[in-house]
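Fit the two chains together into the complex; they arrive one by one in their own frames, and the hints show the way.
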Amino acid sequence: MSDLIKNIFRLAIFILVQVYVLNKIPHLHRFIIPYLYFVFILWLPFNTPRLSLLFIGFITGLTLDYFKLTPGLHTAACVLIAYIRPFIIGILISKEVTELTFHEPSPRGMGWTQYMIYAFILTLLHHTYLVLLEWLQFGSFLDFLIKVGSTTAVSMLLITTVELMFPRSLKYRTNTA
Amino acid sequence: MRNIFLFIRRYFVLLTFLVLQGIALWMFFRFNRFHRTVFLGVANELTGSINSQVDKVDDYFRLREENRRVHRMNDSLLNLLKTNYNFPDTGLQVVVDSLKFDTLKTEYRRYVYRDAKVVYNSVNFENNYLQLSRGANNGVRDNMAVINSDGAIVGVVINVSPNFSQVMGLLHTKSRVPAMMKTSLAAGTIRWDAADPRFLTLDGISKDVEINKGDSVLTSRYSYNYPPGFLIGTIAEVKVDQATGFYLLKVRSATDFTSIQQVFVVENLQREEQLQLNSDTENILNQDRR
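Just so you know, the sequences run in chain order L and B. Heads up, the first sequence is in this note's numbering, so the first residue is 37 and it goes up one at a time. Heads up, the second sequence is in this note's numbering, so the first residue is 60 and it goes up one at a time.
Just so you know, not all the hints are guaranteed correct.
To be verified - Covered stretches of chain L (chain B as the covering partner; in silico rule of three or more C-beta atoms under 8 Å from a C-beta of chain B):
id	segment
1	85 to 96
2	170 to 176
3	191 to 202
No lab work stands behind these hints: they were computed from the structure. As the structure is a computational prediction, the values presented were derived from the model and not from experiment. Ideal placement from N, C-alpha and C gives every residue a C-beta, glycine not left out.
Only chain B is shown next, with the shape it has when bound in the complex (with noise of 0.2 Å):
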């Protein structure tokens, strides 16, 4: 007993760094798995509030461009405006079905958007994390697709706290974002490699489809997160991988990592229901095999 005693004391501070960097590895691997970690709700909190002011001053050297992807937002928005469009056959009423607007019948509606600010964001790591300036207190939950103020996809939340939330971007080598191509609709993943910002890859199309340079990617309709139809990027650069048959594509993307400010946060109305339908379909095919 003595001769351990005088170990541990011999030996106390090789001890306590092997406890230390226990601590440090299993909280790495741990949060590389889950996207959790001890104190991450509170230090969420802290350093939320230290990046908003921060980024107050942040804000200045960003609006032109901020100001612009508004202003194009809006124009897209109002060139959809009933009033724009002539109906000569005056036989014929435009019906709006005012039941899919009906706020209160939540059952017709799919995504609701929520405004949210950029606090923190960067560009240079392998994985890159945004923060927003809003959190479970304002309706944000995991999962949520966030999409830039032109309408450009941006990331997905992984993580809440009471008034901010973590957003997983592009810009990361754990990103996944199911796409489609515009014109052929042909389905495909979006993710990083971590070499250049401004690039995505895109994976899994096979090369019996047409691709031109400057197609239009977007998100696909088979997402759980994302709404569909909104603008991943677009093909920056064509290869046909010989040995496998599928394109290796090259992505520049909608999204200028470096300016984002405002987003929205999409929430998918239908989610837990898509799952739920998702699960009970596995547990009846299980239920067949046996």
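Just chain L, with the same shape it has in the complex (with noise of 0.2 Å):
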């Protein structure tokens, strides 16, 4: 399957279940609000062109927004990870990984160490970024702090679950082909 097509599907699918499984949960605590969908951004291929990565981010946060009622919010927090994201490739792993053996970002590709470090940073970053525009208009700077922390941990909790339930085919790269 080509890669555009793959990842029309991944969107579609993390969108789907990010508006109507994981927004709808009941009800736990007002700290505890799990996000996922922003993974796809994650796991997007390693020679996906910066330019592309940008609009690609738009266009998540803004399908997310549009069935939130939420207009650019994710938007923004997805365009910042979807910038920074090739700064962080670029310092947690090797040239050698990212342009000659593997295809995306995965923990069997570059460690599971590795991976969650890079999870956990873009992560913090998504929700940082959210938390604080929310709060911009409502809450206090202790809520703010506690919210990041929390969602932060619940969505590395989830990212954790998916990838070890999801185990995604590694494809190595070969000159032979």
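Here you go:
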């Protein structure tokens, strides 16, 4: 399956799961809001051009925003992590892995530690920016800190679960084909 | 000139990032103030059609609760029937003023109810919206009140597209509903502090009014959007703010926001007239001051 079609399916599934499953789970506590849809951006192939990354981030956020009726909120956060993503990858992973051996970020390709650090930094950035924008209009500073911490923790838990449940098959890039 | 082009080429990704951020933030802050944004009508139709498909499945899980509410509502209406009452004085004739019930003479009628189906709903966020399967084509317009199938207040319509409408529920940090106590008729305002979807906050009632746990809070008579006397909730906790002399009241919401299915959209037919009168009065006052 080509990358384009695969990622369109992925986006649809992530948005539907976020809107109809995670947003609809019974209210547990006001600090526990499960977010998973932005993992779509984390999973994009290494060789995605930086410019298209930005536009993909924009579209991802906007789609969720129209469902949740918060235009701009998730869009801003997604564009931010789409912009930061190449830098994090550049710092964490050697060129050999990104350009030659592996296709997209995954715990099996990058190793669990590195993948989790990569996911953690982007998750934290996404949530901090998201909660900051919400906090500008409502709430106290302590709420803001607790909310960033708790939502990040919940998201990391979800990411780990998803990676364990649906291990993506490794596609080694070879020069034979 | 060449340097500018070089600069743009060099920092093209950064510039695109800033432009996209700018667009996103502009949408965000604009929507928060006016509840309007680009493509909202089209997007509303699209999300609405997907939402109503998913909602068909979702309905089955809440049928029992919904049935109970509708039956209770029927019960309360049956009890209002004229045949339930015995009039011992045979000389007295019961005259029903048909003018008020004549749909052609709308000037006597104040509120019109339309049924609608909730197709999307959330309670987990600070600003929760509902989406209804009725829109401008069915006569739904902005600022109409929405009540649950058992007559409890749900929220107010803030945006409509041809076939769907968006509702700002009581569980929204910007929601303000004029309320009154059932017993003392003391007026206050209902809002939500974004903590727990079961509880709302009632402000603006001074502590010389007697309030007990369990008292009913109704919609106020002084509202353009909400019909008066509909239940918002019951008092769950009474505290007095010593600094201001006002109560800090916690209200248990009468609507269970996790299981809303069928609702009524309430139109105030005299709303325009009331607002017109209001602005006219303002104008007169302003003229006098000059």
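Evaluation of the provided hints:
Restraint check on the segment 85 to 96 of chain L versus chain B: 6 residues with Cβ-Cβ distances below 8 Å, three needed, restraint holds. Judged by the Cβ-Cβ criterion of 8 Å, the segment 170 to 176 of chain L is covered by chain B as claimed, because 4 of its residues qualify and three suffice. Residue count for the segment 191 to 202 of chain L with a Cβ under 8 Å from a Cβ of chain B: 0. That is fewer than the three needed, and the coverage hint is violated.
Violated hints amount to a single one, hint 3; each of the other numbered hints is respected by the structure.
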